[in-house]
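Protein chains in written order, with the numbering used here: chain A, 1 to 343; chain B, 1 to 402.
Careful: at least some of the hints might be erroneous.
Below are the DSSO-like pairs computed for lysine-lysine, each with C-alpha atoms no more than 30 Å apart in a straight line [claimed, not checked]:
| # | chain 1 | residue 1 | chain 2 | residue 2 |
| --- | --- | --- | --- | --- |
| 1 | A | Lys128 | B | Lys251 |
| 2 | A | Lys150 | B | Lys354 |
| 3 | B | Lys6 | B | Lys237 |
| 4 | A | Lys150 | A | Lys124 |
| 5 | A | Lys150 | B | Lys251 |
| 6 | B | Lys237 | A | Lys128 |
| 7 | B | Lys237 | A | Lys124 |
| 8 | B | Lys354 | B | Lys6 |
| 9 | B | Lys7 | B | Lys389 |
These aren't lab readings, by the way, just hints derived from the structure by calculation.
None of the values given here were measured: they were computed from a predicted structure.
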Amino acid sequence: MDQIILQVLNGLDKGSAYALIALGLTLIFGTLGVVNFAHGALFMLGAFCAVTLSRILTLSHTVIDESKKDFLGNPLKVEVPYIQDWFGEAAGATIIDWAVPLSILFAIPIMILIGVVMERGLIKHFYKRPHADQILVTFGLAIVIQEIVKYYFGANQIPTPAPEAFIGSFDFGMLIGRDPGAIIYPYWRIVYFLFSAVLIIAVFAFLQFTTFGMVVRAGMADRETVGLLGINIDRRFTIMFGIAAAVAGLAGVMYTPINSPNYHMGMDFLVISFVVVVVGGMGSLGGAVLAGFVLGILESFASLQAVIEALPGINQVVIYLVAIIILLTRPRGLLGRKGVMED
Amino acid sequence: MFGLDKKDTGLLLIVAALVAFAPILLNPFPEGSALAQFNAGYPDLMQRFVIFGIFAIGFNILFGLTGYLSFGHAAFLGVGSYAGVWMLKLLTINVIPAIIMSTVVAGLFSILIGYISLRRSGIYFSILTLAFAQMSFALAASVLTPITGGETGLQTGLNDPRIFPEFLGGGATSGGNIPAPELFGLEMRASYELSVGGWLWTFNAGYYVCAIIMLVAFYISIRIFRSPFGMMLRAIKSNQRRLNYTGLNTKPYMLACFVISGMYAGLAGGLMVSMDPLAGAERMQWTASGEVVLMTILGGVGTLIGPVLGAGMIKYFENIFSKINDNLLHQWFAFMPDGMEDFVVAIIHPFIGKGWHLTLGLMFMLVVIFLPGGLVEGGQRLGSVFKRKKKADSSIHSSTAN
Numbered sequence: 001m002d003q004i005i006l007q008v009l010n011g012l013d014k015g016s017a018y019a020l021i022a023l024g025l026t027l028i029f030g031t032l033g034v035v036n037f038a039h040g041a042l043f044m045l046g047a048f049c050a051v052t053l054s055r056i057l058t059l060s061h062t063v064i065d066e067s068k069k070d071f072l073g074n075p076l077k078v079e080v081p082y083i084q085d086w087f088g089e090a091a092g093a094t095i096i097d098w099a100v101p102l103s104i105l106f107a108i109p110i111m112i113l114i115g116v117v118m119e120r121g122l123i124k125h126f127y128k129r130p131h132a133d134q135i136l137v138t139f140g141l142a143i144v145i146q147e148i149v150k151y152y153f154g155a156n157q158i159p160t161p162a163p164e165a166f167i168g169s170f171d172f173g174m175l176i177g178r179d180p181g182a183i184i185y186p187y188w189r190i191v192y193f194l195f196s197a198v199l200i201i202a203v204f205a206f207l208q209f210t211t212f213g214m215v216v217r218a219g220m221a222d223r224e225t226v227g228l229l230g231i232n233i234d235r236r237f238t239i240m241f242g243i244a245a246a247v248a249g250l251a252g253v254m255y256t257p258i259n260s261p262n263y264h265m266g267m268d269f270l271v272i273s274f275v276v277v278v279v280g281g282m283g284s285l286g287g288a289v290l291a292g293f294v295l296g297i298l299e300s301f302a303s304l305q306a307v308i309e310a311l312p313g314i315n316q317v318v319i320y321l322v323a324i325i326i327l328l329t330r331p332r333g334l335l336g337r338k339g340v341m342e343d
Numbered sequence: 001m002f003g004l005d006k007k008d009t010g011l012l013l014i015v016a017a018l019v020a021f022a023p024i025l026l027n028p029f030p031e032g033s034a035l036a037q038f039n040a041g042y043p044d045l046m047q048r049f050v051i052f053g054i055f056a057i058g059f060n061i062l063f064g065l066t067g068y069l070s071f072g073h074a075a076f077l078g079v080g081s082y083a084g085v086w087m088l089k090l091l092t093i094n095v096i097p098a099i100i101m102s103t104v105v106a107g108l109f110s111i112l113i114g115y116i117s118l119r120r121s122g123i124y125f126s127i128l129t130l131a132f133a134q135m136s137f138a139l140a141a142s143v144l145t146p147i148t149g150g151e152t153g154l155q156t157g158l159n160d161p162r163i164f165p166e167f168l169g170g171g172a173t174s175g176g177n178i179p180a181p182e183l184f185g186l187e188m189r190a191s192y193e194l195s196v197g198g199w200l201w202t203f204n205a206g207y208y209v210c211a212i213i214m215l216v217a218f219y220i221s222i223r224i225f226r227s228p229f230g231m232m233l234r235a236i237k238s239n240q241r242r243l244n245y246t247g248l249n250t251k252p253y254m255l256a257c258f259v260i261s262g263m264y265a266g267l268a269g270g271l272m273v274s275m276d277p278l279a280g281a282e283r284m285q286w287t288a289s290g291e292v293v294l295m296t297i298l299g300g301v302g303t304l305i306g307p308v309l310g311a312g313m314i315k316y317f318e319n320i321f322s323k324i325n326d327n328l329l330h331q332w333f334a335f336m337p338d339g340m341e342d343f344v345v346a347i348i349h350p351f352i353g354k355g356w357h358l359t360l361g362l363m364f365m366l367v368v369i370f371l372p373g374g375l376v377e378g379g380q381r382l383g384s385v386f387k388r389k390k391k392a393d394s395s396i397h398s399s400t401a402n
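Bound-form chain A, shown alone (with noise of 0.2 Å):
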């Protein structure tokens, strides 16, 4: 039982990352028809906005202390961030500690720039393509952005820390009435989970509850008689656009104290995505996310112990396995609607 709560809880974090991805890319797909392949190069950059931002943050000057010494009996020479200089010490501290909850606020304009940008400046000419086209100027695309990372950053790993009031896990089986010590799980990762619950009702009550939604999804069911009322719908699309940039791009900065970003990561998260949405429904943003956490669970399930003394490999395949069992039982998917990619 502690085990099953446990795995369930393992599966939430990797799964919001899917689902945020996935809807992304549902989004892109229900508005504008396309297939972004370059999806997952979006999430990695949202992580290196993290990166650049606490970077930018640590920005430092040398200081020669007089009242510390060094090995060699000189004064000692401390770095000292330019922030702390302006806000004082203890709070230039926390600001550097908490950079990448700030990296929110960084990504969002950011990550909404470089969505319209993309769209207007590329995409926008491949509606009328074949989607084998998008696909492959899209997979074009992201190599071009992970190998300009790559030049910037460099190809390892860069460790960014969550901030120190979240280091440290939670036992979430004395809330339940277990033992203690029966289910421990990071603080970091629920506080993903709940961000990126929070993201999602976001961007689900965005389309259902404001004008601009409405509009966007009308357009999604019928774009032309949207546009013949009158009604720039390749604007709004645009927007959409930038807003599915953003969620990729969130889900990419809040995922680097999960795992310490580097230029592949997007890649690597990109293959499984596509298969959530697949699995999820094409076009269906219920399902993308449906399908995020459903996977994502599964895939913890599935690295169970006793599990895999089953099915060796299990844990490797299964989401793989799941969705070719979905895509050939139920070929819309989860909660595909008719007529969207039917052929």
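Fit chain B to the supplied structure of chain A, relying on the hints for placement.
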């Protein structure tokens, strides 16, 4: 000739001539000259040209004719490699069983994957093949380690049984060395070096084995393109639904095409291990599948010669671009004023050496955006521009004559 029309025979002969004289043609710069590093005429690279050429030709039969974009073709290459190494380990160091077996095993594997994946089309097909390839990769790297050698890879060793009699390449070689793959006594790594003037030409046995097989593969692909079967595949590409409505079952055609394509990939894998008896799981990773897509697109989808061109080009640039470094750039641009030189070098720097993937990505994007037909279409456009000019010229002449 060989049941081909004049044009195709010409193409085949040109390719054959190019391939036969590649060791000379690819070494246009004399040894020791500043440009010698642009020479591509060394065995390892030439082998890769033809092997990836085969891989891309096979992929093109599937993608070019039917429009089904498989994102998991590297799985067949990987499976073929493993089968090949096992033949080299178990039967004989002679490469023939390895090559045949790798093709057969990849064929069987592609029947399995094709049967399932081909139930869907479009992007679903791409994702199904991708899922299968990733699965094979994950399994090969972890659970199947006894068969695949896991992350270290599978290679021939001293204690392999090699049950064939000695004269057929069985047994361990004397002297206690691991035997090198051979063809009836002709070692694949054996080379004949010919030095004429400043030039050094290397004629490698392995390269010519690969080259002959590549020519056969190319010939078969021409025949497929021109056959009624190829016609049917093209019909599937243009409108599968209509074919179904006319009462045709397209499934067997698609499956046959997929399996042929998979066997080409397996053949490439078998040749790869025949040249260098080492197979690793990373060969099956989806980036490897992406690479063959790049090659085919870059060269020209659905054309005969395109995939070979694309494979050659990508492998060439992979080698050459990664060799160029800053010092070399400074040498080249030394004629510029100092500040200008540094500036130019700084601009080019991200695109060379380790950054050659960036160049590849950009090149690929440009091709997809502006030249969907790849290099072949580019060549045709250039050709037609010249032709038009000639025609315009001749019409002027004729009008003045009148």
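Checked hints:
As the CA atoms of Lys128(A) and Lys251(B) are separated by approximately 28 Å, the hinted pair is consistent with the 30 Å bound. As the CA atoms of Lys150(A) and Lys354(B) are separated by approximately 10 Å, the hinted pair is consistent with the 30 Å bound. Taken as a hint, the Lys6(B) and Lys237(B) pair is honoured in the structure, with Cα atoms around 27 Å apart against an allowance of 30 Å. For the given pair, Lys150(A) sits about 27 Å from Lys124(A) by alpha-carbon distance, which is consistent with the 30 Å threshold.
Proposed proximity of Lys150(A) and Lys251(B) is contradicted: the alpha carbons are some 44 Å apart, above 30 Å. Between Lys237(B) and Lys128(A) the alpha-carbon distance is near 17 Å, which keeps this suggested pair within the 30 Å criterion. With a CA separation close to 25 Å, the supplied pair Lys237(B) and Lys124(A) stays within the 30 Å bound. Taking the CA atoms of Lys354(B) and Lys6(B), the gap is near 44 Å; set against the 30 Å cutoff, the hint is violated.
A C-alpha spacing of about 24 Å is found between Lys7(B) and Lys389(B), which places the hinted pair at or below 30 Å, so the restraint holds.
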